[in-house]
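Q: Heads up: the sequence lines are chains A and B, in that order. Sequential numbering of the first sequence, starting at 1, is according to the working numbering. Sequential numbering of the second sequence, starting at 1, is according to the working numbering.
The set of hints was computed from the structure by calculation and includes no laboratory data. Remember, it's a predicted structure, so these values are computed and weren't measured experimentally. Glycine included, every Cβ here is placed at the ideal spot set by N, Cα and C. One should not assume that every hint holds.
Unchecked claim - Keeping only pairs whose Cα atoms sit at most 20 angstroms apart, straight-line, the calculated PhoX-like set for lysine-lysine is:
| id | chain 1 | residue 1 | chain 2 | residue 2 |
| --- | --- | --- | --- | --- |
| 1 | A | 114 | A | 154 |
| 2 | B | 245 | B | 74 |
| 3 | B | 179 | A | 133 |
| 4 | A | 154 | A | 183 |
| 5 | A | 300 | A | 348 |
| 6 | B | 205 | A | 131 |
| 7 | A | 74 | A | 154 |
| 8 | A | 249 | A | 267 |
| 9 | A | 307 | A | 331 |
| 10 | B | 205 | B | 179 |
| 11 | B | 205 | A | 133 |
| 12 | A | 74 | B | 179 |
As the list claims (entries may be wrong) - Here are some of the chain A residues that sit facing chain B, going by a computed Cβ distance under 8 angstroms:
| id | residue |
| --- | --- |
| 13 | 51 |
| 14 | 53 |
| 15 | 80 |
| 16 | 82 |
| 17 | 86 |
| 18 | 88 |
| 19 | 104 |
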Amino acid sequence: MAEVSLTNVKKQYDNGFVAVHDFNLEIKNEEFIVLVGPSGCGKSTTLRMIAGLEDITDGEIAIDGTVVNDMEPKDRDIAMVFQNYALYPHMSVYENIAFGLRLRKVPNKEIHQKVLEAAEILGITELLGRKPKQLSGGQRQRVAIGRAIVRIPKVFLMDEPLSNLDAKLRNQMRAEIILLRQKIRTTFVYVTHDQTEAMTLGDRIVIMKDGYVMQVGTPQELFNHPANLFVAGFIGTPQMNFFDAVLKKSGEGYKAAVGDYEVNVPKYICDELDKLEQVPENVQLGVRPENLIIDPLGEKGIRASIKVTEMMGSELHIHAEYWDGKPIILKVQIADLTDEEQNRLISKESVAFTFRERTINLFRNDDGRNLAVPGAVPVPKTEKFVPEEKSKKNKKDNKKK
Amino acid sequence: MSANADTKKKFRSKSRKERTTRILIYIFLTLLCLIWLIPFFYLVFQAFRGESRSMVTYVFPKEWSLENFRILFKETNFLNWYFNTLIVALFNAVLQTVIVLSVAYALSRMRFKGRKLLMNLMLILGMFPGFLSMIATYFILKLIGLTSENAIPGLILVYAASSGMGYYIAKGFFDTIPKSLDEAARIDGATRSRVFFRIIMPMSKPIIIYTIMMAFIAPWGDFMYASLITFGHEEAYNVAVGLYKWLDKEHINSYFTVFCAGGLFVSVPVTALFMALQRYYVEGVTGGAVKG
Chain A
1 MAEVSLTNVK
11 KQYDNGFVAV
21 HDFNLEIKNE
31 EFIVLVGPSG
41 CGKSTTLRMI
51 AGLEDITDGE
61 IAIDGTVVND
71 MEPKDRDIAM
81 VFQNYALYPH
91 MSVYENIAFG
101 LRLRKVPNKE
111 IHQKVLEAAE
121 ILGITELLGR
131 KPKQLSGGQR
141 QRVAIGRAIV
151 RIPKVFLMDE
161 PLSNLDAKLR
171 NQMRAEIILL
181 RQKIRTTFVY
191 VTHDQTEAMT
201 LGDRIVIMKD
211 GYVMQVGTPQ
221 ELFNHPANLF
231 VAGFIGTPQM
241 NFFDAVLKKS
251 GEGYKAAVGD
261 YEVNVPKYIC
271 DELDKLEQVP
281 ENVQLGVRPE
291 NLIIDPLGEK
301 GIRASIKVTE
311 MMGSELHIHA
321 EYWDGKPIIL
331 KVQIADLTDE
341 EQNRLISKES
351 VAFTFRERTI
361 NLFRNDDGRN
371 LAVPGAVPVP
381 KTEKFVPEEK
391 SKKNKKDNKK
401 K
Chain B
1 MSANADTKKK
11 FRSKSRKERT
21 TRILIYIFLT
31 LLCLIWLIPF
41 FYLVFQAFRG
51 ESRSMVTYVF
61 PKEWSLENFR
71 ILFKETNFLN
81 WYFNTLIVAL
91 FNAVLQTVIV
101 LSVAYALSRM
111 RFKGRKLLMN
121 LMLILGMFPG
131 FLSMIATYFI
141 LKLIGLTSEN
151 AIPGLILVYA
161 ASSGMGYYIA
171 KGFFDTIPKS
181 LDEAARIDGA
191 TRSRVFFRII
201 MPMSKPIIIY
211 TIMMAFIAPW
221 GDFMYASLIT
231 FGHEEAYNVA
241 VGLYKWLDKE
251 HINSYFTVFC
261 AGGLFVSVPV
271 TALFMALQRY
281 YVEGVTGGAV
291 KG
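Start from the sequences, fold in the hints, and give me the full structure.
A: Spelled out as structure tokens, the structure:
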């Protein structure tokens, strides 16, 4: 149980590549924080810096108020679960779990008791005598978790622990992690690239891109009020739809026009727009697929031609195309449709839809920031990294020329 | 029906062709084995020859005898040389294994300035034949009094001193062990040396065995350095230098069969070592460590 604070943390590798830029986060005691983002966004590097497995180029990391920048991993009182389990292959499950306690010279009797307790929590008591190679993927991951929880660390770090499991096992283990969290109240930092894991597990989620923090917030905040176009597109499956819209003042409030169709901008967004020096005219209007109100007869609202329909069981995903060729995804509950309407949609005719007005988000066209989220971070432009040595060489070559 | 028969014929002709190829391969391999074994059997026959101790033009002895072994152990310094060689080889097996594995692990896991330069430098230096530095090495050893009668510690020093340069095979092995195991152990509370001895070493049996064998065999059969550093001091000879002396003009006619008997004994420890350790040599123990 501990608070973790990261202040202006930066990680730059020897070749000049900056993996993490100016990372700031206060993790509360017993909080479950999820770092999420696409590959190469710096989430694992951040976790490894907390663990002490990577040096920090700049900034400060503190656990329970103690700065741990130069502290060895073993002295930080943390535990970590790795994506590839990292079990000691020559030791039995029992010895794998007991290893950390043995190094800390805990009496044998106590070790025995703690290993049994951890095994009990994870349901692996009958596996204690086996070697890792005799276990299945799910069992190995449980042992890896057992090895971490047996010490009751201050901070529990998990680096994509479910990525190597198949879909069914992943769902099961996800539920087990939620249960585990209820049993051992400690601070969790969890890294994943799977937004479903992030949404279901995290008290707060940190979304990263190219080493920058895009947004920190609760799953609801991120889902309902994404700070920028990247967050909006990353969170939610299927992803949010974006439309080119024109903002117009209309009486006290604003209207956003998508083609001929106009939508009233919700009041909380209008209030934020009023605070701006200059309200942008052209914006991106974002609506989640489930918030597009569909007219199965294809008459009311914005029209689009259906390209593909996916029957997901209880709901239907419709992949359509707007008149300008932009893809749109709509989600509709099967129970809300008559057989005739269903057949019409599945036979790939056109569809019409309107917006659930209170759920719309407006983003700047230039930097992708959400107009209604104060302090939103712009979406960084991904640049191709050229290692320092090479870039120096290039400069020299250019000079010669 | 006819199509079926055709298919059968096709398969049969294929399997017949395969069998013929296999038979040819085995004949070739057997021939290779025989060629390889001829010198060994020649050595055995000469060692047990009783009728004359000089070189002869035939292979099979006319009279079988153990006389050569009696002379070897009772009338020559062979046991002394054997003991010298064993001491040097055993010490080197231990020292070189520790040094090679430590250097290889450090180069595999640690990132420090000049690491690549160091690795390249060692690789390039290793390409120069060892005898280029022999004279310099001899004078250095002479200065510190480790030649002639003190040649044994001198030889141990020479072999062990350059052993770190043979890091690359062990480094290649360590590179295949996932780094996350080291990291997991460090988080569990292990220091770097603990990680090395308690996690990495138990998983590295094949490379440990390989390094021990190489470290044992190199000084066991070394002639050049041993003959230079012992510098005619017979008490300090190793088996290679000692036995070679029996092949010069004045000894060959009275010691050739004894030389062969000595040769047989020289092969014993290396063979025994290989037989004892070969099962570890082939087995890997990383199963189940990480997602595979």
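Q: Indicate, hint by hint, whether the structure satisfies it.
A: Evaluation of the provided hints:
1. A:114 / A:154: 17 angstroms, holds
2. B:245 / B:74: 18 angstroms, holds
3. B:179 / A:133: 18 angstroms, holds
4. A:154 / A:183: 15 angstroms, holds
5. A:300 / A:348: 17 angstroms, holds
6. B:205 / A:131: Holds - the C-alpha atoms of residue 131 (chain A) and residue 205 (chain B) are around 17 angstroms apart, at most 20 angstroms.
7. A:74 / A:154: 12 angstroms, holds
8. A:249 / A:267: Between residue 249 (chain A) and residue 267 (chain A) the Cα gap is close to 13 angstroms, so the pair holds against 20 angstroms.
9. A:307 / A:331: 14 angstroms, holds
10. B:205 / B:179: 18 angstroms, holds
11. B:205 / A:133: 17 angstroms, holds
12. A:74 / B:179: Judged against 20 angstroms, a Cα distance of about 16 angstroms means the pair holds.
13. 51: 6 angstroms, holds
14. 53: For residue 53 (chain A), the interface hint holds, since the closest Cβ of chain B sits about 5 angstroms away, which is under 8 angstroms.
15. 80: 5 angstroms, holds
16. 82: 5 angstroms, holds
17. 86: Cβ of residue 86 (chain A) sits 4 angstroms from chain B, so the hint holds.
18. 88: Since chain B brings a Cβ to about 6 angstroms from residue 88 (chain A), closer than 8 angstroms, the hint holds.
19. 104: 6 angstroms, holds
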